[in-house]
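Trainee: Spelled out from the first residue to the last, the chains are:
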Amino acid sequence: MSWIGSLPFAHALVARQDLPIPAWLFAWGASLVLIVSFFALSAAWRKPRFEREEWRPVGAGISRVLLSRATQVTLGLLGTLLLGVAIYSGLRGTEAPDRNFALTFLFVTTWLGFPFFSALLGDIFRPVNPWRALGRAAGAGFRAIAGQDSGHLSYPEALGRWPAAIGLMAVVWLEVVYGSSGGVAVGLDPHAAAVAAIVYSAYTLAMMGLFGVEKWCQQGEVFSVYFGMFSRLGYFGVRAGKLGRRRPLSATTSWATIPGSAAVVIASIATTSFDGAQEGAFKSAIEKVFNWFVDAGFGLTSSLRLTDTVFMAACFAGVALVYLLGVRGMRSVHGAPSLAKLRVGFAHTLIPIALAYLVAHYFSLFLFQEQAQFTYLLSDPLGTGSTDLFGTASHGIDFNVVSSNTIWYVQVGALVVGHVLGLTLAHDRALAYWPDYRDASRSQYWMLAVMVAFTCFGLYLLSAGNG
Amino acid sequence: MNAKTVRIVAAAAVLVVAIVLLIVLKKDDGGEDKPSDAGKFPTINVNKAGEPVSGIVDLTYNKGDQIQFKVHSEVAGEVHVHGYDLMKDVAAGGTITYDFPATIEGVFEAEMEDQKEQIIQLTVQP
Chain S
1 MSWIGSLPFA
11 HALVARQDLP
21 IPAWLFAWGA
31 SLVLIVSFFA
41 LSAAWRKPRF
51 EREEWRPVGA
61 GISRVLLSRA
71 TQVTLGLLGT
81 LLLGVAIYSG
91 LRGTEAPDRN
101 FALTFLFVTT
111 WLGFPFFSAL
121 LGDIFRPVNP
131 WRALGRAAGA
141 GFRAIAGQDS
151 GHLSYPEALG
161 RWPAAIGLMA
171 VVWLEVVYGS
181 SGGVAVGLDP
191 HAAAVAAIVY
201 SAYTLAMMGL
211 FGVEKWCQQG
221 EVFSVYFGMF
231 SRLGYFGVRA
241 GKLGRRRPLS
251 ATTSWATIPG
261 SAAVVIASIA
271 TTSFDGAQEG
281 AFKSAIEKVF
291 NWFVDAGFGL
301 TSSLRLTDTV
311 FMAACFAGVA
321 LVYLLGVRGM
331 RSVHGAPSLA
341 KLRVGFAHTL
351 IPIALAYLVA
361 HYFSLFLFQE
371 QAQFTYLLSD
381 PLGTGSTDLF
391 GTASHGIDFN
401 VVSSNTIWYV
411 QVGALVVGHV
421 LGLTLAHDRA
431 LAYWPDYRDA
441 SRSQYWMLAV
451 MVAFTCFGLY
461 LLSAGNG
Chain L
1 MNAKTVRIVA
11 AAAVLVVAIV
21 LLIVLKKDDG
31 GEDKPSDAGK
41 FPTINVNKAG
51 EPVSGIVDLT
61 YNKGDQIQFK
71 VHSEVAGEVH
81 VHGYDLMKDV
91 AAGGTITYDF
101 PATIEGVFEA
111 EMEDQKEQII
121 QLTVQP
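Just so you know, the protein sequences line up as chains S and L, in that order. Taking the numbering used here, the leading residue of the first sequence gets 1, the next gets one more, and so forth. Taking the numbering used here, the leading residue of the second sequence gets 1, the next gets one more, and so forth.
Isolated chain S (complex conformation) (with noise of 0.2 Å):
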């Protein structure tokens, strides 16, 4: 018998999800794809354009304020009190997922919102980031006390971004493996996501208070590094604390040079597929797996958590593959750098892939989740109906603001420009490491195929349907 109907695989939060798209409009996207990377194949440039951010400061007043104290205490403030907000809700409030301001705070605004806009904007988390805020107001104290700077553990450099790539893992793992399979219908319950808040406040404190505020932003706070790793393809960017404009893709050619950040934007792919997959494409294989370990006498919940557990892991075990295959590719063509330095050396040009994965699965559940954030979530965010802040505590969400056609046309859309951008960055970088232009652009048939494989991958787990 199969377990797998006796469990609701439902978030709740969703109340709807999007068609798969249609096979005439995969067969076109697929077919795209190939096109645009056989004329890749034949990239006219032979100079590398992106290495250098060719970063110019913007008007000297607008800079100013925008960095001012003023601004970057109030900044702070509004991220700390909102991120209080949401735990209190969380704490108190409904245990209705959707009916709760904050699984829609911290899993759809913040989680989906800074990638979004970051990638457009450059690093809009850093000034709101209430923990990197409270460290910094804590240090504040210490110095104004103590006299002097609090001393710091000098942080391991081996461990790079590994902390962050794990934590990414963790905090996906907690919406769609641990809140999905709790047995009842429901995501991760509000009261579970507040206190994983509280645990990760505490841990994130406790980091930034051993290696120091701005050495646990850049490599360890999972948030930061994250929507930081997107905000590098954004067209503005600080430097020397002055505000500038930069080449837009630019930042990104500098992103990895910190261990495990291949992992970070592996990890992003990963768990985006994972969530895409785990109710179309992988669904079937779910259920094996699952009926397998009911039948070796797990409970059903540890059952599917486990499923779900070891599907993830295997999604980042793939991801990694394919791009280690693409690594060790390049590898044999003449002229190539230490496969160390290829490893590394690519690893930006996988974050346009991230970045559309996260568009192509939740550009509709943002824009549709965005509204009751806006409306009833503002106004009533326990949602218990005794608070009406705004007035719009009775406004619900329009599901035909944007028509099935138009979803379809943007997931599709969002993988062929990252297809592009990916394949841009790929062959600037080959530019940039093997002296002669021809070994360059041979040695990116593997990146190619890298490119061709994921973005496909993505154009599929969109026809499989729930992505």
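The set of hints was computed from the structure by calculation and includes no laboratory data. Honestly, I wouldn't trust all of these hints.
[What the hints assert, rightly or not] Computed cross-link-like contacts, BS3-like style, restricted to lysine-lysine with a CA-CA straight-line distance of at most 27 Å:
1. Lys-116/L to Lys-283/S
2. Lys-48/L to Lys-88/L
3. Lys-88/L to Lys-288/S
4. Lys-70/L to Lys-116/L
5. Lys-242/S to Lys-215/S
6. Lys-63/L to Lys-40/L
[Claimed, not checked] Across the chosen pairs, the derived CB separations fall in these ranges:
7. Asp-114/L to Val-417/S: 41 to 47 Å
8. Val-401/S to Thr-60/L: 19 to 25 Å
9. Asp-114/L to Ile-62/S: 54 to 60 Å
10. Asn-62/L to Ala-314/S: 33 to 39 Å
Just so you know, these numbers come straight off a predicted model, no measurement behind them. Cβ coordinates follow ideal geometry from the N, Cα and C atoms, glycine included.
Keeping the supplied structure of chain S fixed, place chain L upon it in accordance with the hints.
Mentor: Here is chain L on its own, set in the frame of chain S:
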């Protein structure tokens, strides 16, 4: 790009487009919509645990159709159609009828709200 590359690219593009057309044409002549049986409401039977007796029922409509089904339940509860956000109470041993226009595209669940059991997977195509 030199002339040879252009020729290769053009040939590849033509090949790809041909394959696509082949796939698209093949998919289309199957005909995608089956006319909904007007007047004949599918009935979903729900047992005492709030579970659908013959598994979660797939109902597919096109936008603009009338969505029509009955739920017969052995247990008292509330039948909730998500997305459309419609709710109806059903008594133990009773039957309720849903009849509403398909105005929102997407995939939706209908569930026995109190038992937290999904009974219908509702798909509305554009």
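Trainee: Evaluate each hint against the coordinates.
Mentor: Structure-based check of each hint:
This hinted pair checks out: Lys-116/L and Lys-283/S have alpha carbons roughly 21 Å apart, not beyond 27 Å. Taking the CA atoms of Lys-48/L and Lys-88/L, the gap is about 17 Å. The hint holds against a cut of 27 Å. Between Lys-88/L and Lys-288/S, the direct Cα distance comes to roughly 36 Å. Violation of the 27 Å bound is thereby established for this hinted pair. Restraint check for Lys-70/L and Lys-116/L: satisfied, since their Cα atoms lie roughly 18 Å apart, inside the 27 Å limit.
Only pairs whose Cα atoms come within 27 Å are accepted, and Lys-242/S paired with Lys-215/S is accepted, the gap being roughly 20 Å. The suggested pairing of Lys-63/L with Lys-40/L holds, with an alpha-carbon distance near 19 Å, which does not exceed 27 Å. In this structure the hint that Asp-114/L and Val-417/S lie 41 to 47 Å apart at CB holds, the actual value being about 45 Å. Under the hint 19 to 25 Å, the C-beta atoms of Val-401/S and Thr-60/L, about 23 Å apart, fit the expected range.
Between Asp-114/L and Ile-62/S, the C-beta spacing of about 56 Å keeps the proposed range 54 to 60 Å intact. Between Asn-62/L and Ala-314/S the CB atoms are about 37 Å apart, so this pair conforms to the stated range of 33 to 39 Å.
Of the numbered hints stated above, the single one contradicted by the structure is hint 3.
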